[in-house]
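Residues in the sequence shown are numbered consecutively from 1, following the numbering used here.
None of these hints come from the bench; they were simulated from the model. Don't take every hint at face value.
As the list claims (entries may be wrong) - No more than 20 Å apart at the CA atoms, straight line, and that leaves these computed lysine to aspartate or glutamate pairs for DMTMM-like: (1) 33 x 160; (2) 142 x 131; (3) 134 x 118; (4) 142 x 169; (5) 142 x 38; (6) 37 x 141; (7) 33 x 44; (8) 142 x 121; (9) 148 x 20.
What the hints assert, rightly or not - Across the chosen pairs, the derived CB separations fall in these ranges: (10) 77 x 98: 19 to 25 Å; (11) 42 x 114: 41 to 47 Å; (12) 142 x 116: 32 to 38 Å; (13) 104 x 72: 45 to 51 Å; (14) 84 x 201: 21 to 27 Å; (15) 93 x 21: 17 to 23 Å.
Beta carbons are placed, not taken as given, at the ideal position from N, Cα and C, and that holds for glycine.
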Amino acid sequence: MSPVKRPSPLLFVVLGLLLESPMHPYEMQRLLKERRKERVVAIDQRSSFYQAITRLERDGLIEVSEVVREPARPERTVYAITALGRTTFQVWLRTMLSAPRDVFPEFPVAISYLPLLEVEDALALLETRRDALKERLADTEKVLSEGKAVLPRLMLLEEEVQRAVVAAELDWLSSLLDDIRGGELTWSAELVAAEIARLSPPRTD
């Protein structure tokens, strides 16, 4: 089976780890947590992690290097990247860097249904999100500040882009809240119903 053209982030980081050296899954998870990769990819679910390894092996991108057996310990399967895996990683990396991918986060979907809430209810929920974004931004700033003391900027780029994304949403959300509070953006059940009726095609039956 041909490898997927664009991987999930989890497939990508697992393959990237094996570029360093052969490893067993537990060691991979440990290294990813040490490097705080959970901030950019979901690595905590054990089943998903092993599914990623199974997928990579099935596609011929990694292979079993050895099975380590030690007394009184469960055997450990060590995986290594294949030649196809190295080539595929380069293709994935270049594609992911150069071509934006359509992703479907839940917030844009939810915001499109904002008028189905009362204005005050919507305000309260969006303020809660704003506060959470402020905390996330502060956490990212802390990680960057601590990281700069021991790491070159090159190793912190993922945190920089996370900061930029969170800061951009926070700016937009703060502006939206100001517009709602100021009355520049408002709605009611009657207004929503009238707009739906206006946009609905006429019935022919």
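Verification of the hints:
1. 33 x 160: holds (19 Å)
2. 142 x 131: holds (17 Å)
3. 134 x 118: Outside the cut-off at roughly 24 Å; violated.
4. 142 x 169: holds (19 Å)
5. 142 x 38: This hinted pair holds, its Cα atoms lying about 16 Å apart.
6. 37 x 141: Within the cut-off at roughly 16 Å; holds.
7. 33 x 44: Cα-Cα ~9 Å, so holds.
8. 142 x 121: violated (32 Å)
9. 148 x 20: Given that 20 Å is the threshold and the Cα spacing comes to 23 Å, the pair is violated.
10. 77 x 98: 19 to 25 Å: violated (34 Å)
11. 42 x 114: 41 to 47 Å: violated (27 Å)
12. 142 x 116: 32 to 38 Å: holds (37 Å)
13. 104 x 72: 45 to 51 Å: This hint holds: roughly 47 Å between Cβ atoms.
14. 84 x 201: 21 to 27 Å: Taking Cβ atoms as reference, residue 84 and residue 201 lie about 52 Å apart, which means the hint is violated.
15. 93 x 21: 17 to 23 Å: holds (18 Å)
The structure does not agree with the numbered hints 3, 8, 9, 10, 11, 14 stated previously, though it agrees with the rest.
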